[in-house]
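Chain order of the listed sequences is A and B. Just so we're aligned, residue 31 is where the first sequence starts under my numbering, counting upward by one. Just so we're aligned, residue 5 is where the second sequence starts under my numbering, counting upward by one.
Treat the hints with caution; some may be incorrect.
Stated by the list, open to error - Listed next, the in silico BS3-like pairs over lysine-lysine satisfying Cα-Cα at most 27 Å (straight line):
no., chain 1, residue 1, chain 2, residue 2
1, B, K12, A, K181
2, A, K181, B, K60
3, A, K159, B, K61
4, B, K12, A, K203
5, B, K104, B, K124
6, A, K53, A, K203
7, B, K61, B, K127
Said to hold, decoys possible - The following label-pair restraints were derived from C-beta to C-beta distances:
no., chain 1, residue 1, chain 2, residue 2, range
8, A, T93, B, I122, 24 to 32 Å
9, A, H130, B, I117, 41 to 49 Å
10, B, N99, A, P89, 22 to 30 Å
11, A, N212, B, T30, 49 to 57 Å
12, A, T93, B, E123, 25 to 33 Å
13, B, E108, A, E186, 28 to 36 Å
No lab work stands behind these hints, which were simulated from the structure alone. The beta-carbon is built from N, C-alpha and C at its ideal position, and this holds for glycine as well.
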Amino acid sequence: MLPEISLNILDVAQNAMRAKATKVEIRLEADTELDLLQIWIQDNGYGMTSKQMEQVTDPFFTTRTTRKVGLGIPFFREAALATGGKFDMESTLGKGTVVHATFILSHIDRMPLGNMVDTMYTLILMHQKVEFIYTYCVDKRSFVLDTNDFKEILGEVPFETPEVSNYIKDFLKINMEEVNGNIVL
Amino acid sequence: MKSLEELKAIREKMQGQIGFRSDSSTGTRVIVGMATCGIASGARPVLTTLVEEVAKKKLENIQITQTGCIGLCQFEPIVEILEPGKEKVTYVKMNSEKAKEVVERHLVRGQVISEYTIEKYIK
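With the sequences and hints as input, model every part of the structure.
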């Protein structure tokens with residue numbers, strides 16, 4: 031298993047890259063009243079056939095050739111189910127895939143969310159051609175990051191320019207802290 | 005809330021500075037394994053450390069990218085360094101500290117840190 035939910039998100043989002051997605055939406059919604067943490071990862075990549083959909087939750091299935099196991103989706107699924115939560119996936123060939131995991135917030139087996147700043151920072155910097163829309167909500171407070179907004183302002187200036195990469199990291203950090211308030215996920 | 009206005013200010017300050025992206029065909033490529041095996045072993049902090057150290061030291065002509073699983077899961081996190089005209093160097097079982105050292109010794113000073121390379125582990 032991966033020790034943080036944010037690492038699962040980083041890992042599952044990589045599948046969207048391999049599916050040649052140009053747009054990836056990651057949405058986190060925590061509601062302390064309902065005691066739920068919901069995560070959606072949606073991409074506009076190749077999508078999967080119904081047969082592949084069945085296979086993908088099987089740890090001994092993978093499309094890669096360098097090793098024989100594929101643990102990304104099974105880890106994420108198990109992490110959610112271990113809390114009494116839910117996991118589902120929808121995919122349309124040629125349209126994309128959406129992965130949806132629900133965690134019971136207060137469950138003893140719910141792993142910490144972990145460092146979402148570094149997960150988003152890594153995804154954004156490593157895949158600058160992809161549009162990332164990241165929505166983070168805690169109890170009705172929320173913020174949205176859309177990398178296309180950055181690109182519109184920056185023009186040809188790449189994200190790895192030190193001033194810009196620092197800005198992106200701070201943007202994530204400060205805005206997520208504000209949304210968190212005094213809640214630790 | 006941190007706003008987009010600040011980013012506009014950064015962009016304006018950079019107006020006139022040209023030649024941002026270095027030519028990747030002549031530069032050094034640093035590749036980090038970011039499949040499940042890499043991520044589970046700690047590749048994320050290795051990658052962010054490399055990005056930040058290269059930026060901090062203002063190193064030019066270095067491109068940091070990621071790759072999937074290369075079939076050496078037991079040695080993750082793996083960082084490969086490809087320099088034009090030189091043999092590929094594969095650093096294994098990396099962490100943030102080692103990544104900082106790799107930037108300082110390998111990328112800045114041009115010395116391969118042989119004790120971190122895969123050859124040290126498979127004889």
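Structure-based check of all given hints:
1. K12/B <-> K181/A: holds, 11 Å
2. K181/A <-> K60/B: Holds. K181/A to K60/B sits at ~22 Å (cutoff 27 Å).
3. K159/A <-> K61/B: holds, 25 Å
4. K12/B <-> K203/A: The given pair, whose Cα atoms are some 19 Å apart, holds under the 27 Å limit.
5. K104/B <-> K124/B: holds, 19 Å
6. K53/A <-> K203/A: holds, 22 Å
7. K61/B <-> K127/B: violated, 34 Å
8. T93/A <-> I122/B: 24 to 32 Å: holds, 26 Å
9. H130/A <-> I117/B: 41 to 49 Å: Holds: the Cβ-Cβ distance is about 44 Å, inside 41 to 49 Å.
10. N99/B <-> P89/A: 22 to 30 Å: holds, 27 Å
11. N212/A <-> T30/B: 49 to 57 Å: holds, 51 Å
12. T93/A <-> E123/B: 25 to 33 Å: Distance hint for T93/A, E123/B holds at roughly 31 Å.
13. E108/B <-> E186/A: 28 to 36 Å: Because 30 Å falls inside the window, the suggested range holds.
In summary, the structure is inconsistent with hint 7 from the numbered list given earlier, while agreeing with all the others.
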